[in-house]
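So the sequences go chain by chain: A and B. Under this note's numbering, the residues of the first sequence are numbered 125 to 594, in order. Under this note's numbering, the residues of the second sequence are numbered 125 to 594, in order.
Keep in mind that the hints were calculated from the coordinates and are not lab data. No experiment lies behind these values; they were computed from the predicted model shown. Hints may be right or wrong, so weigh each one.
Which copy is meant is left open, so a pair is good if it fits within one copy or across any two.
Unchecked claim - PhoX-like cross-link-like pairs, simulated, lysine-lysine; straight-line CA separation at most 20 Å:
hint: 1; residue 1: Lys531; residue 2: Lys414
hint: 2; residue 1: Lys258; residue 2: Lys305
hint: 3; residue 1: Lys561; residue 2: Lys507
hint: 4; residue 1: Lys496; residue 2: Lys531
hint: 5; residue 1: Lys295; residue 2: Lys497
hint: 6; residue 1: Lys507; residue 2: Lys295
hint: 7; residue 1: Lys561; residue 2: Lys496
hint: 8; residue 1: Lys219; residue 2: Lys295
hint: 9; residue 1: Lys497; residue 2: Lys531
hint: 10; residue 1: Lys507; residue 2: Lys138
hint: 11; residue 1: Lys171; residue 2: Lys305
hint: 12; residue 1: Lys496; residue 2: Lys507
hint: 13; residue 1: Lys497; residue 2: Lys507
hint: 14; residue 1: Lys496; residue 2: Lys258
hint: 15; residue 1: Lys138; residue 2: Lys414
There are 2 protein chains.
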Amino acid sequence: MAADSLDQVVSLCKRRGFLYPGSEIYGGLQGTFDYGPLGVELKNNLKRLWWQHNVYERDDMEGLDASILMNRYVWRYSGHEQTFVDPLVDCKTCKGRFRADRLGDAACLKNSKQHPGECEGELTEPRPFNMMFKTQIGPIPDPESFAYLRPETAQGIFVNFRNVLDSSNRKLPFGIAQIGKAFRNEITPRNFIFRVREFEQMEIEYFCTPGQDEQIHNTFIEDHVNWWVNVCGLSRDRIELYEVPAAELAHYSKRTVDIMYRFPIGLEELEGIANRTDYDLGSHSRDQEKLEIAAAVNPNAHSTTRLSYFDQASNRHMVPFVIEPSAGVDRGVLAVLCEAYEEETLENGETRVVLRLKPALAPIKAAVLPLKKNEPGIVAAAKQIKNMLQATGQMRAVYDDTAGIGKLYRRQDEIGTPYCITVDFDTLGREEENGLKDTVTLRDRDTMQQERVAIADLPALLLGRIYGAS
Amino acid sequence: MAADSLDQVVSLCKRRGFLYPGSEIYGGLQGTFDYGPLGVELKNNLKRLWWQHNVYERDDMEGLDASILMNRYVWRYSGHEQTFVDPLVDCKTCKGRFRADRLGDAACLKNSKQHPGECEGELTEPRPFNMMFKTQIGPIPDPESFAYLRPETAQGIFVNFRNVLDSSNRKLPFGIAQIGKAFRNEITPRNFIFRVREFEQMEIEYFCTPGQDEQIHNTFIEDHVNWWVNVCGLSRDRIELYEVPAAELAHYSKRTVDIMYRFPIGLEELEGIANRTDYDLGSHSRDQEKLEIAAAVNPNAHSTTRLSYFDQASNRHMVPFVIEPSAGVDRGVLAVLCEAYEEETLENGETRVVLRLKPALAPIKAAVLPLKKNEPGIVAAAKQIKNMLQATGQMRAVYDDTAGIGKLYRRQDEIGTPYCITVDFDTLGREEENGLKDTVTLRDRDTMQQERVAIADLPALLLGRIYGAS
Chain A
125 MAADSLDQVV SLCKRRGFLY PGSEIYGGLQ GTFDYGPLGV ELKNNLKRLW
175 WQHNVYERDD MEGLDASILM NRYVWRYSGH EQTFVDPLVD CKTCKGRFRA
225 DRLGDAACLK NSKQHPGECE GELTEPRPFN MMFKTQIGPI PDPESFAYLR
275 PETAQGIFVN FRNVLDSSNR KLPFGIAQIG KAFRNEITPR NFIFRVREFE
325 QMEIEYFCTP GQDEQIHNTF IEDHVNWWVN VCGLSRDRIE LYEVPAAELA
375 HYSKRTVDIM YRFPIGLEEL EGIANRTDYD LGSHSRDQEK LEIAAAVNPN
425 AHSTTRLSYF DQASNRHMVP FVIEPSAGVD RGVLAVLCEA YEEETLENGE
475 TRVVLRLKPA LAPIKAAVLP LKKNEPGIVA AAKQIKNMLQ ATGQMRAVYD
525 DTAGIGKLYR RQDEIGTPYC ITVDFDTLGR EEENGLKDTV TLRDRDTMQQ
575 ERVAIADLPA LLLGRIYGAS
Chain B
125 MAADSLDQVV SLCKRRGFLY PGSEIYGGLQ GTFDYGPLGV ELKNNLKRLW
175 WQHNVYERDD MEGLDASILM NRYVWRYSGH EQTFVDPLVD CKTCKGRFRA
225 DRLGDAACLK NSKQHPGECE GELTEPRPFN MMFKTQIGPI PDPESFAYLR
275 PETAQGIFVN FRNVLDSSNR KLPFGIAQIG KAFRNEITPR NFIFRVREFE
325 QMEIEYFCTP GQDEQIHNTF IEDHVNWWVN VCGLSRDRIE LYEVPAAELA
375 HYSKRTVDIM YRFPIGLEEL EGIANRTDYD LGSHSRDQEK LEIAAAVNPN
425 AHSTTRLSYF DQASNRHMVP FVIEPSAGVD RGVLAVLCEA YEEETLENGE
475 TRVVLRLKPA LAPIKAAVLP LKKNEPGIVA AAKQIKNMLQ ATGQMRAVYD
525 DTAGIGKLYR RQDEIGTPYC ITVDFDTLGR EEENGLKDTV TLRDRDTMQQ
575 ERVAIADLPA LLLGRIYGAS
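Chain A on its own, in the form it takes in the complex (with noise of 0.2 Å):
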């Protein structure tokens, strides 16, 4: 299984209203999409799992949720405003604007590969480009008024260590969780929603003291891996993991590693876990040299607090080492529907589409279908069962008589729903005393088969299925 090429998948996520271009009925805007009624639900199981899995069933664990608005001197001292930038070129005569490190040989990218002989114009020497969206604050177009859209929902977290610190009495070592939006003014938007300008992240800084690191860095590499294949329902053998050489490292980095998966365009980054050290919250913090940081960072002007941590072994402040496993929520999206999406031939002949989502993670746990829909009692059965599911609140069941009951299975396999339930004459008990009262058939998606189930069984059947073994 899996899919061949995006197309399939962005096709597919277009039509039946998972993902839509964003701002489509005025011409888009590029690297903006919108989450339809089914891709909605997708997203929000995915970004519950991975809270429940790092936060509720972790005892070192805090949540967060900072906004994306923060005082520019985050990005200042966070090395944003001097490092997070693009070499861009312009050409002389086109004025077209290119990413340097995209162009290979040195001539203007309309003359390219990808578009030979369109032009022939000299270019600049490379100029960086930030990638930080700008914003005015407050009713004065003051020069010191303006805010960056954070790039990373990481110095929220790092901003916050003494605030969620003094709130909590954490010890070390403890980890704060956040996910949530982010946005960055990227020159070449592509490859759907892989590399977009607003995108959200699921992050984690956990903070330790020196030495405990390392082995803390392992831990997270193998415990997400594990999460994205057992949760997810990743290919194991579609994921590697990518020791960033040395020479590549951030700058604030002692050790990165890249959850890598094979996407239909190729191996690319899912999730990063990185060793930050001490770098962050030691350039975030006041009287840094009573710290005894061990990184490399700029002195701090503004910053009104000591993000340090007493600890009481050494007796002695010290600030925290931090390893952050970072994940994109939408690269998650799009690698679960990549993975999960097969076209099947079936043995007679027929292809069936099918989207083979662990059932956490399916945006319709049921579909109640009624095998007539012009008989009230049938109609009226399949309404109270769909509504005893959705009172479980653990699970979107749907009710729908649109089609055929052929039809209604292959539009419910297409968008990822583990379980149709049908209702049929036997349920209502009309026909001769064969035991079925009350019962319905129940369809599973991957394996088509159908057993007869007791009506009162389903619930906990069900939610034994979609949730007791993920």
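Go by the hints and put chain B onto chain A.
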């Protein structure tokens, strides 16, 4: 119950980790707040309950999650470029800038009641100030290449109307629900999280045929008042309906009713429910002249899509009317906190602070506490119970042994934890045979009553009490 002043709630929120001022270590960023470990749980619970009520428990609702950055034409044709303005005046002497409608008499604000005699300056005439945040998109500083941060989530729904319709095969009436961030460059953010620059909305656009609109409007008003009362625990006595007078109606509105809540700062809007007629779909539509739009819309020269619905009964393309319930997530959080806050005098004369949150909203559902933290058997049993509750996947449970039992109870009362579970020697069954082996003490936050419960019964008992009756 309920807080007497906002200060009580603000102080609790900071101290216990519900909310922190945004970017605090750099002196803050006015109008932004960060949700701490408890705040993020409370907010997520509120959003989940809203989604459950408005999407899952209905058969006529789809979800959506559109981007924050949208094509600028969205805001031209929605009317926001023209009309989303506050009137501002400048003081010619002190250069202060103020909202004209808040000045009262025509003196500089620095010589107002708040700031008597500070300045005698003369004011300019009021000028319109647009409250949308603007940002440059793409690498080239082209005056056309900008986007606004959405000032409301609603427009993301309108521009996707055809997409949702086409991928869901819905018939009128049906609605689209969305929860997401919005941004407004407020001149004077104030009152904690009540009026901020970055906030979250829970909005529904409900599409119907003209003629159905008035009744649907009334039904939503009643249903949503009941939701705030029954699900969120707001007192009906503190809620009032405000019928917006015709002269104050927004240009698109046929009728608007605000659900007002009596905050400690006064009676203020919690949710607005507006009849927007066919103004929005009509404004964003192509071929407006062919669609018999009732509202006075501006000609649209850029839309590529007819935002209409084919009505089989009348055999024509029509533009649906829209009922919009629009609630503030942060205002909801604030209302719930204010309502739940109580300083209670106990029989022994002591005061306890208790947050009487609905259990389904409480950040932590159960705290498992060892009577003695240096008894390995008690500690092990407590941690095992915590893990058992966590494994339900439906509650955040915590283990805490950092203080004596009385103090631990008070801490949990203050953050609204509905149930404390205490493990003692009887639980272990080491004492004389008293029938209490494998039982624990279950303490209720509100009544402070304790009962003895079998460990094995805890998950079902708690789930029933937390979610059963809400």
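Now for the hints, and whether the structure bears them out:
| no. | hint | verdict |
| --- | --- | --- |
| 1 | Lys531 - Lys414 | neither (70 Å within a copy, 35 Å between copies) |
| 2 | Lys258 - Lys305 | both (15 Å within a copy, 17 Å between copies) |
| 3 | Lys561 - Lys507 | within (17 Å within a copy, 45 Å between copies) |
| 4 | Lys496 - Lys531 | within (13 Å within a copy, 62 Å between copies) |
| 5 | Lys295 - Lys497 | between (61 Å within a copy, 16 Å between copies) |
| 6 | Lys507 - Lys295 | between (52 Å within a copy, 18 Å between copies) |
| 7 | Lys561 - Lys496 | within (17 Å within a copy, 55 Å between copies) |
| 8 | Lys219 - Lys295 | neither (56 Å within a copy, 49 Å between copies) |
| 9 | Lys497 - Lys531 | within (14 Å within a copy, 61 Å between copies) |
| 10 | Lys507 - Lys138 | neither (28 Å within a copy, 47 Å between copies) |
| 11 | Lys171 - Lys305 | both (12 Å within a copy, 17 Å between copies) |
| 12 | Lys496 - Lys507 | within (13 Å within a copy, 52 Å between copies) |
| 13 | Lys497 - Lys507 | within (11 Å within a copy, 52 Å between copies) |
| 14 | Lys496 - Lys258 | neither (57 Å within a copy, 54 Å between copies) |
| 15 | Lys138 - Lys414 | neither (56 Å within a copy, 27 Å between copies) |
Of the numbered hints listed earlier, those contradicted by the structure are 1, 8, 10, 14, 15.
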